[in-house]
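Chains as they are written, first to last, in numbering that gives the first Met the number 0: chain A, 0 to 252; chain B, 0 to 360.
Some clues are possibly wrong.
Said to hold, decoys possible - Calculated pairs, DSBU-like style, for lysine-lysine (alpha carbon to alpha carbon, straight line, at most 35 Å):
hint	chain 1	residue 1	chain 2	residue 2
1	A	K218	A	K185
2	B	K142	A	K218
3	A	K188	B	K215
4	A	K110	B	K215
5	A	K73	A	K127
6	B	K142	A	K56
7	A	K9	A	K56
8	A	K185	B	K142
9	A	K110	B	K142
10	B	K142	A	K9
11	A	K185	B	K215
12	A	K19	A	K9
13	A	K56	A	K110
14	A	K202	A	K188
15	B	K215	A	K218
16	A	K19	A	K73
17	A	K19	B	K215
18	A	K19	B	K142
19	B	K215	A	K73
No lab work stands behind these hints, which were simulated from the structure alone.
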Amino acid sequence: MSSAPVLETKGLGRRFGGLKAVDDVSFSVPEGEVLGVIGPNGAGKSTFINLVTGHIKPTSGHVLIEGQDMTGAKPWAIAHAGVARTFQIVKPFRGMSVRENVAVGILYGRKGVARMSQALEQADEVLKEVGLGSLGDRAPGGLSVADARRLEFAKALALRPRLLLLDEVMAGLRHSEIEPSLELIKELKSRGLTIIVVEHVMKAILAISDQVLVLHQGKVLTSGDPRTVLSDPRVIEAYLGQRYVQRRERGES
Amino acid sequence: MGSPATGRHTATDEARGTRADATEIVGSSRSAHEPVWRRWLPWGLLVLGALVMLGLQSQLYSGQERTVSAIFMFVALAQGWNIIGGFTGYASFGQVVFFGLGGYFTAVAMSHWGLNFWVSLAASGVVAALFGVLIGLPLLRLKGHYFAIATLGVAEGMREVVNNVPGLTGGGAGISIPTVGNQATTHYLGNDGFYLLYLVLALLAVAVGMLVSRNKFGFALRAIHQDEDAAAAVGINTTRAKVAAFALSGLLTGLVGSTYAFQQVTIFPERLFDVDITVLMVVMVVIGGSGTVLGPLLGAVALQYLSEWLRQNFTEVHTFILGGIIIAAVILLPQGAVNYVREARQSGEWSLLANVRRYRL
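Just chain A, with the same shape it has in the complex (with noise of 0.2 Å):
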């Protein structure tokens, strides 16, 4: 394993005004390894995300990527540093093809490729690695919820990243969309890419993290293990308020 960590936050912070959305979060994420970040609306999640790739400031702390300081950085330089995201509502460039989404992210967040047409070329091959070989020239807006957000991966491992961030993306999901979504985790994990899943769905968490990170009110409330966090009293409270873990006692007793 190389030095240092792919990700790593130190006393990481956001205030909105009087809230602290997130509040002194540090923690890492070692090279090949998934890390599942969970927490109930409005645990800062999405905001955490947004610190790490730039698209929000923080006001105290620290952002290390494998080593550097890139706290502060514009998005753009977090994505030339290996960074790539999706984000929770997709965002597609309307107006062109499903191909050339592709294209722009192999253009501008890759080394060496200067010619549309090149990348253009390149992009199928991501578009199959995804799932969506088959809709290149289709228009982003006519795609299924489940394509739409397999786009947003492509559009993701379109900058062939070391760290991806994945936002809510089995949000909205069938059963039986999330079960190749999952499979494609495996995949790039498989790969060595090191991935943070920011999810709902438990199921999925389980099956695909090797630690897991709870936040709660801005703040880390627990973290390890997938098991041994999800069965943590603290986390079920979190969730699913206190008067539900004293009647599960209750009932257990």
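Fit chain B to the known structure of chain A by using the hints.
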């Protein structure tokens, strides 16, 4: 190659909170294996158009020649606006500032500094581009209406600056470029000369538009237009791309302003910074089809020709009729003529009434 893309779909536009039940079109969809002839077809047409316009010149009376020159001028201006307003999606309502700046720089350079026209023309383009960088850096942080209003303010402000330094610009009394005698640095170009120069500028602007619409830079601008966060996330330096687009757009506009100043000989701040010129650029691009190359070209030709024809045939009410036609066009074809035809060809739905409904908010 060309994609028989999607049928209709329902798109929820989260950013604006509006709902548009619109047929999405894929601008220049192409695979990696596009036939060579298709790639070069637009360039062939451009050369053909240039040759026809060169032949046409000898067939025109001087009045007609001036009319066609004005059409060329607006083709270049509309293409210039389209780069920032169409491709990039930043509606500059102060675009005339580049026009005025180019014109005044040329007038001052020729009358005060004794530079010849060709040097002044090139320098005016550079000055306008640099000014685009200067105001682009702060203003392109603003979006939508805020950007539009801020640019409008810059243009109005610049007019006042020009008005208030009469020593350099002649102020409200105007400034004249010497065109005869030994003070003249460049011989006046005359009707034929300006026809050719405007033709070259129009061809240049269309060629720039064609390059931008297909190259790497153009795809960055279109990505920024759709979603800046997503564009930045795939590695596009959005600040640099936007400023470059604004500068390029300013460059083309500045060149036209410079030529216009020399053609007019005497220029005034009220005319060179006239907001009407910006409005015309915007209307031409929007009616023709924003974000395409053909749209601004057709929009400029159609509107300028129509305006001239109405002025000759309905002198007293021509602006009234023109205004009515513009309103009707915007209502019936809100996406612009070129985009309407593209969508209709893909969906097979040619009804204008359906088109109005589709884009109704």
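Here is what the structure says about each hint:
1. For a cut-off of 35 Å, the pair hint linking K218/A to K185/A stands: about 28 Å separates their Cα positions.
2. Between K142/B and K218/A the CA atoms are separated by roughly 33 Å; this keeps the pair inside 35 Å, and the hint holds.
3. Proposed proximity of K188/A and K215/B is supported: the alpha carbons are some 31 Å apart, at most 35 Å.
4. Distance check on the hinted pair: K110/A and K215/B sit about 14 Å apart at the alpha-carbon level, within 35 Å; holds.
5. For the suggested pair K73/A and K127/A, the alpha carbons sit about 30 Å apart, so the restraint of at most 35 Å is met.
6. Proximity of K142/B to K56/A is assessed by CA-CA distance (about 19 Å); at most 35 Å being required, the pair is judged to hold.
7. Using a Cα cut-off of 35 Å, the hinted pair K9/A and K56/A holds, with the two alpha carbons roughly 14 Å apart.
8. Note on K185/A and K142/B: the hinted pairing is violated, with a Cα-Cα distance of about 40 Å set against a maximum of 35 Å.
9. Between K110/A and K142/B the CA atoms are separated by roughly 30 Å; this keeps the pair inside 35 Å, and the hint holds.
10. For the suggested pair K142/B and K9/A, the alpha carbons sit about 33 Å apart, so the restraint of at most 35 Å is met.
11. Between the alpha carbons of K185/A and K215/B the distance comes to roughly 33 Å, so the proposed pair stays at or under 35 Å and holds.
12. Using a Cα cut-off of 35 Å, the hinted pair K19/A and K9/A holds, with the two alpha carbons roughly 16 Å apart.
13. With a C-alpha separation of about 26 Å, the suggested pair K56/A and K110/A falls inside the 35 Å cut-off, and the hint holds.
14. Simply put, K202/A and K188/A have alpha-carbon atoms about 18 Å apart, close enough for the 35 Å limit, and the pair holds.
15. The hinted pair formed by K215/B and K218/A fails the criterion: a straight-line CA distance of about 42 Å is larger than 35 Å.
16. Only pairs whose Cα atoms come within 35 Å are accepted, and K19/A paired with K73/A is accepted, the gap being roughly 22 Å.
17. With a CA separation close to 40 Å, the supplied pair K19/A and K215/B exceeds the 35 Å bound.
18. Taking the CA atoms of K19/A and K142/B, the gap is about 27 Å. The hint holds against a cut of 35 Å.
19. Proximity of K215/B to K73/A is assessed by CA-CA distance (about 21 Å); at most 35 Å being required, the pair is judged to hold.
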